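Participant: Here is how the chains run, residue by residue.
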Amino acid sequence: MSNNNNSNNIQNVTKRLQNELMQLMMSKTQGVSAFPQGDNILNWSATITAPQETMYGGLTYKLSFKFSENYPYEAPTVKFVTPCFHPNVDNSGNICLDILKEKWSAIYNVTSVLISIQSLLNDPNIFSPLNPYAAELWKDQKKYKEILITKYESTQKKVK
Amino acid sequence: MINNLQTSSFIQTFQLLSQDNFNQINLKSKLLFDNKKSNSNSNSNSNSNSNSNSNLFLIPSFVDLFFQKIVHLLQFELIPQLYKNILSGKNQEEFNNLFEEEDFIIGNQENIFQALQTFSNKINSFTRFMEINNHIFNQDSSAKLFGLVHIALFQTKQEEFLKDLIKKIFHFNFLQFCSEVTNNLTDEYEDNEINISNQDSKIDISKYFKDFVGLLFQMNFSPFLEEIAFESIFREIEHIIKDNIVGDFGSKALPKMLNWVSNVAMIWFEKIFFTFFNEKKITINTKDSQKNSKLKTILFEANPHYDFKPHKEYFENLIYQKIEEARLNELFEIIVDFPDSMSALMDLKLCIEKTGNYLKVGKSLRKSYLSRLLHQGASTSDIITQFLSTIKALKILEPSGFMLEIVSEPICKYLKKRQDAISCIISNLVDEENGELYEELEKYAAKPMHIVEMQFADQNSHRLQSEEHQILSGMNDETNQFFNYDDSDENDIYDLDNSQAYGDTSDEFDYFSGQEDENEEWNPDPIYSSSKTLSAVVNLKKNIDIIGHMINIFGSKDPIVSEYRLVLADKLLANTSFDIDKEVKMLELLKIRFGESSFHNCEVMIKDISDSKRIFTNIQNQNENETETKNSEQNSNPLDYYEGEYIFRSHIISELFWPNFRSIEFQLPTRIQNMMEKYAKEYHNLKKPRQLNWKPDLGVVELTLGFRNSDKTLDFAVSPILASLIMKFQEKEIWSFSELKESLKISDDKILRSNLSFWIKNGIINTSDRGNSYYLIDSISEHENQLQNQSQKTPSKSKSQTNTNTDEVANDFVDSDDENFTSSQIQRESNQTEIQIYQQFIIGMLTNFEEMPLERIFNMLKMFVTDPPFDKTALELRDFLSQLVRDGIIEYSNSNNVYKLKK
Numbered sequence: 001m002s003n004n005n006n007s008n009n010i011q012n013v014t015k016r017l018q019n020e021l022m023q024l025m026m027s028k029t030q031g032v033s034a035f036p037q038g039d040n041i042l043n044w045s046a047t048i049t050a051p052q053e054t055m056y057g058g059l060t061y062k063l064s065f066k067f068s069e070n071y072p073y074e075a076p077t078v079k080f081v082t083p084c085f086h087p088n089v090d091n092s093g094n095i096c097l098d099i100l101k102e103k104w105s106a107i108y109n110v111t112s113v114l115i116s117i118q119s120l121l122n123d124p125n126i127f128s129p130l131n132p133y134a135a136e137l138w139k140d141q142k143k144y145k146e147i148l149i150t151k152y153e154s155t156q157k158k159v160k
Numbered sequence: 001m002i003n004n005l006q007t008s009s010f011i012q013t014f015q016l017l018s019q020d021n022f023n024q025i026n027l028k029s030k031l032l033f034d035n036k037k038s039n040s041n042s043n044s045n046s047n048s049n050s051n052s053n054s055n056l057f058l059i060p061s062f063v064d065l066f067f068q069k070i071v072h073l074l075q076f077e078l079i080p081q082l083y084k085n086i087l088s089g090k091n092q093e094e095f096n097n098l099f100e101e102e103d104f105i106i107g108n109q110e111n112i113f114q115a116l117q118t119f120s121n122k123i124n125s126f127t128r129f130m131e132i133n134n135h136i137f138n139q140d141s142s143a144k145l146f147g148l149v150h151i152a153l154f155q156t157k158q159e160e161f162l163k164d165l166i167k168k169i170f171h172f173n174f175l176q177f178c179s180e181v182t183n184n185l186t187d188e189y190e191d192n193e194i195n196i197s198n199q200d201s202k203i204d205i206s207k208y209f210k211d212f213v214g215l216l217f218q219m220n221f222s223p224f225l226e227e228i229a230f231e232s233i234f235r236e237i238e239h240i241i242k243d244n245i246v247g248d249f250g251s252k253a254l255p256k257m258l259n260w261v262s263n264v265a266m267i268w269f270e271k272i273f274f275t276f277f278n279e280k281k282i283t284i285n286t287k288d289s290q291k292n293s294k295l296k297t298i299l300f301e302a303n304p305h306y307d308f309k310p311h312k313e314y315f316e317n318l319i320y321q322k323i324e325e326a327r328l329n330e331l332f333e334i335i336v337d338f339p340d341s342m343s344a345l346m347d348l349k350l351c352i353e354k355t356g357n358y359l360k361v362g363k364s365l366r367k368s369y370l371s372r373l374l375h376q377g378a379s380t381s382d383i384i385t386q387f388l389s390t391i392k393a394l395k396i397l398e399p400s401g402f403m404l405e406i407v408s409e410p411i412c413k414y415l416k417k418r419q420d421a422i423s424c425i426i427s428n429l430v431d432e433e434n435g436e437l438y439e440e441l442e443k444y445a446a447k448p449m450h451i452v453e454m455q456f457a458d459q460n461s462h463r464l465q466s467e468e469h470q471i472l473s474g475m476n477d478e479t480n481q482f483f484n485y486d487d488s489d490e491n492d493i494y495d496l497d498n499s500q501a502y503g504d505t506s507d508e509f510d511y512f513s514g515q516e517d518e519n520e521e522w523n524p525d526p527i528y529s530s531s532k533t534l535s536a537v538v539n540l541k542k543n544i545d546i547i548g549h550m551i552n553i554f555g556s557k558d559p560i561v562s563e564y565r566l567v568l569a570d571k572l573l574a575n576t577s578f579d580i581d582k583e584v585k586m587l588e589l590l591k592i593r594f595g596e597s598s599f600h601n602c603e604v605m606i607k608d609i610s611d612s613k614r615i616f617t618n619i620q621n622q623n624e625n626e627t628e629t630k631n632s633e634q635n636s637n638p639l640d641y642y643e644g645e646y647i648f649r650s651h652i653i654s655e656l657f658w659p660n661f662r663s664i665e666f667q668l669p670t671r672i673q674n675m676m677e678k679y680a681k682e683y684h685n686l687k688k689p690r691q692l693n694w695k696p697d698l699g700v701v702e703l704t705l706g707f708r709n710s711d712k713t714l715d716f717a718v719s720p721i722l723a724s725l726i727m728k729f730q731e732k733e734i735w736s737f738s739e740l741k742e743s744l745k746i747s748d749d750k751i752l753r754s755n756l757s758f759w760i761k762n763g764i765i766n767t768s769d770r771g772n773s774y775y776l777i778d779s780i781s782e783h784e785n786q787l788q789n790q791s792q793k794t795p796s797k798s799k800s801q802t803n804t805n806t807d808e809v810a811n812d813f814v815d816s817d818d819e820n821f822t823s824s825q826i827q828r829e830s831n832q833t834e835i836q837i838y839q840q841f842i843i844g845m846l847t848n849f850e851e852m853p854l855e856r857i858f859n860m861l862k863m864f865v866t867d868p869p870f871d872k873t874a875l876e877l878r879d880f881l882s883q884l885v886r887d888g889i890i891e892y893s894n895s896n897n898v899y900k901l902k903k
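If you read the protein sequences in the order shown, they are chains A and B.
At position 138 of the first sequence (counting the first as 1) the number is 138 in UniProt numbering, and the numbers step up by one without a gap.
At position 464 of the second sequence (counting the first as 1) the number is 464 in UniProt numbering, and the numbers step up by one without a gap.
There could be a bad hint or two in this list.
Which chain B residues face chain A? A few, computed with CB under 8 Å, are given here [stated by the list, open to error]:
no.: 1; residue: Q376
no.: 2; residue: T380
no.: 3; residue: I837
no.: 4; residue: F841
no.: 5; residue: G844
no.: 6; residue: N848
no.: 7; residue: F864
no.: 8; residue: T866
no.: 9; residue: F870
If you are wondering where the hints come from, they were derived from the structure by calculation, not from laboratory data.
Given the structure is predicted, the values throughout are model-derived calculations rather than measurements.
Don't be surprised by glycine CBs; every beta carbon is placed ideally from N, CA and C.
Chain A with its partners taken away, still in its complex shape (with noise of 0.2 Å):
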C-alpha cells in the first residue's frame, strides 16, 4: 500500500517537475536558470545572475534544489552551493526567506522560487539576519560592494 502510494507520489512530482522544467525553458525569464542535476528529477542545480546596476549586478550564483517526493506540498530545500555574501545567507549556503520556510504554497514553482532568490540579493531583510556581519555592512552600500567583490572572487578562484 504505501509502497504504492509513494511511487504514485514520484510519479506525480516527476510529472510536475517536468512541467516546470518545461515551463522554466519556455520562459526564458532573465537571469534564473534551473535544470535536473541527472538521473535523479528531484535534485536540480540552479544559476542565479543579478540585474546590473544593482548590488550583486553581473555576479553570478549556484545554488542546489532538493525536492521532496511532497512537493509541492513541500517547500523544497534550496541552498546556495557558491558561497554567498548576504544577509539572509549563512556560511553554509542556507537561505533565509519566508516562502521557502512557513509562507510556501503549492502555487510557488521553481521559477518563482529563483525569482525571489534573485530579488532577495538586492533586497535583503537585515532584520532577521543569518550573516548579522553582512546585515550590519548593508548600511554602508559601497563597502558592502568592496567586500562582496573580493569574496566573490575568492569563491571564484577557488573554484578554478
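Since the structure of chain A is already known, use the hints to place chain B on it.
Facilitator: The following block gives chain B in isolation, referenced to the frame of chain A:
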C-alpha cells in the same frame, strides 16, 4: 505363313469392327479361335496342325498387333469421326464461339451425346471382343485399351477442345442445376436456409447430362470427371464471390455460401457420382468384377460406399479461403463503411477464426493503410475517423487487440506528425451530436463507478510492472518508453481518485472481476502472439478503450487536455449568453475519463464565466435604474445613427488559468470605450479592490447593418476590431488606408488589410484608387454586385495566398484568408517548434552545468524533454549543436570535447 494368315484375318476383323458389324466380329473371332483350339480344318487354313506352342508364342504379338491396330483406328478414324460428329460441319473456332451460348449448348447436347455414344459403342465393341477372347487378353489388356483411348482422345491436338467441351457441358449443367434449385427454393420457401437435401427427387440433373456422364463413366473417365466437376464448382464459387459478395458489405456471405455448398453444389456433385456409382455397381455385378476394379478410380476403390464428406469439407475450406481473400482485399472499404459493414466483418471474423491468418490480415491492412490512408492527400479528420472505425472493427475481428496493435502503430506515428491531429480529435470529442469519441466518453461515464475504479487499479499494477521492466532495461529502450507513456497517464487517473480506494478495490478484486467479465468477454492471448517480433507489442496493454488509443497517439493525455482548454476558451468567449450548461456537462465527462486534476484550469475558466454572468446581472440591474431616467436624453440625441442601447456583457476571466490570448492593439469607438469604463467602474465598486484589465480585441460584437433606402438588414457576429472598423464608416463614408490606420491606431498594416478585406468580401465596403481608399456601399444593388464579384474571385484565392509580397495590390488582400475572423481568439503555442524547445533546454542545462559532452546533453534531453518526446538520434543532435555553435550561441571545446555557452 500362319502369322500372315492370322494377321490378315485380324485385319479383316478390325475392318468389320470399324464397320459396326458386331455379329460378324463375334462370329469371325469365334471361328478363328475355335479353329485354333479344335485343330479342325474348317477354315481355309493349310497348317492346321501347327502346335499349340507356336500358337501361344504368337499370342503376345497378336495382342500387340491388336492394340496397334486400335491406336491406328482411334487416331485416323474414330476420333476424327467423333470430332466431325460433334462439330457437325462447323470449324472448331466457330464452334467454340458458339458454344459460349446457352441455346447452342442445349441444341447441340443431343448431337454431342450421340457422337460420343457412337464413339463409346465402338470402344465397347472392342471390350466385348476382348471379353469373348479372354483366353488371350489378360486383365491388363482392358486397362490398356482404355489407356489408349484416353491417350488418343486427350493427347492429340484437339485435346484441349474436348476437355473444354466436357468442362463447358459440365459447367452449363451445373448452372442449370443451380438455377433450378434456387427457383425451386424460392417457389417453395421464402427462406434460403432450409435444407433441401430431402427433395432429391424433385430436382435432378437433366437427362441428357445424366446419359452424357454415364457415357463418360463407361469410358472410364471418372478421375478426369471428378476434376472437371470440382472445377465447375470452383469456378462457380469464384463467380458468386466476385459477383455477389465483393462490394456487398450489408449481408453475411459466409453462411449463404456454406449453405449453397451443402444444398446446391454438393447435391449436384453427389447426383453425378452417386448415379454413376449405382450403375457401376450393377455392371460390376454382372461383369467380371476383377477386371473392372483395375479401371476404377482411386476414389471408388478407396471407398466403395462413396462418401462425399471430404469433398464437402474441401469446398467449405475453399469458401472460407475465398471469402477471406475477398474480404481482406476490401477490408479497407469495409472499415470505411463500418458499422454498416458489420455483416462483412463477421464473415471475415469467421474466416480468420478458421484459417488463423491473423498476422496476414493485420499486415495486409497495415500495408493498405500505409499506401492508401497515411499520405498527404488524406485529411486528418478522415484519418482519425478511419482510425476510430478501425479500432472498433478490429476489436470485433480479434478482441485481444493483437491485430489492432499491428495496424494502429503506423497510424499513431503518422498522426503524431500531423499538427492538426489533436484539434481534430478534440473537435470529435466535444461534438455532442455525432462525435464518436463523445459517445465513448458517455459510455465510459455510464459505467458503474466500481468498474471504473477496478480498471484504475488494474492499470496501476500493470504500470508498476512495466516500470520495473523499464528500470531493468534502461531508459534507452525506446519501445519501452513508447509504451509506458500511456501507463503513466492512466496512473494519473488513478491518482485523482481517492488513493485509499485503491486498497479497497484490491480486496474486492474477485468480486468485481466477476462483474467485469459480464461487461467484457475475456479472451485468451492468441497463440500467434508468441511470434518473436511482435511479442513485445502484444504483451502490452490490451483493453484500453478507444480514447486510450487516441491518448496513445501523443504518448500522454496532456496534449489532449491542453487542446481542450483552448477549445473551451474559444467556446466560452464566443458565447455571449453566458450559457455554459453544455460545457459543464462536457467537462464532467472529460473529468471522469481523464481525471479531475487535469482540468483544474478548465474548471476555473467555467467558473469565471458563471461569475461574469452574476456580475453582469448585478451591474445591469443597477444600470436599468439609471437608464430609465436617461432614456429620454439618449433618444433625443440627433447624432445617434443607431437606435436603442447597446447591450454590453463582459467575460471576466482569471488570466492565469486561461490560455494565452492573441493581442492586437487598436482603438475602440469612444462610445464603446465609455461603456467599458463605466462597466469597469461598477465592477470595481462591486469587487474592491479588484480592477478590470480589458482585452479589447477579444470578444464578439453582434452587429446589424442596414442599407439606406432599404429595409434589408444584415446580421454579423464579428470581432471587436471588425466592428470598430465598420463603425468608422459611420463617421464618414470614404477613408484612406492611412486615415483608417491612424484612427483605429492599428500598427500592423496586414491586420488592417485583412480586416478590411472581410467587409469587402461581405459587400459592405469597396475599394477604389488602387486600394488606397475605401468607401461604404450603401445601396442594396451595389452590395449584391459586390458579393457576386467576390464569389467569382474566390477560385483564384489559393494562387495569391502563396504570394507574400503582394500586399500593395488592392485586390490581393481581398483574397487573404478569412481565418482571422472565424478561428480562435486564442494564441496557439504550436509555432514553438521542437527545435526551439531543444535549444532552450540545451541553453538551460549549459547555464547550470557550465560544460557538457555530447553524450550527456543527449541523455538529458532524452530524459527531460517529454512534450513532445525527444526523438532525435545522437548524430542529429550533434548536427544541431554544430548549428548552435555556428549561430554563436554555444561553443565547442576540442580539447575535452565539451560544449559550453558562449560568454
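Participant: Confirm or reject each hint.
Facilitator: Hints and how they fare:
| no. | hint | result |
| --- | --- | --- |
| 1 | Q376 | 30 Å, violated |
| 2 | T380 | 25 Å, violated |
| 3 | I837 | 7 Å, holds |
| 4 | F841 | 5 Å, holds |
| 5 | G844 | 5 Å, holds |
| 6 | N848 | 4 Å, holds |
| 7 | F864 | 6 Å, holds |
| 8 | T866 | 5 Å, holds |
| 9 | F870 | 12 Å, violated |
The structure fails hints 1, 2 and 9 (numbered hints given earlier, in ascending order).
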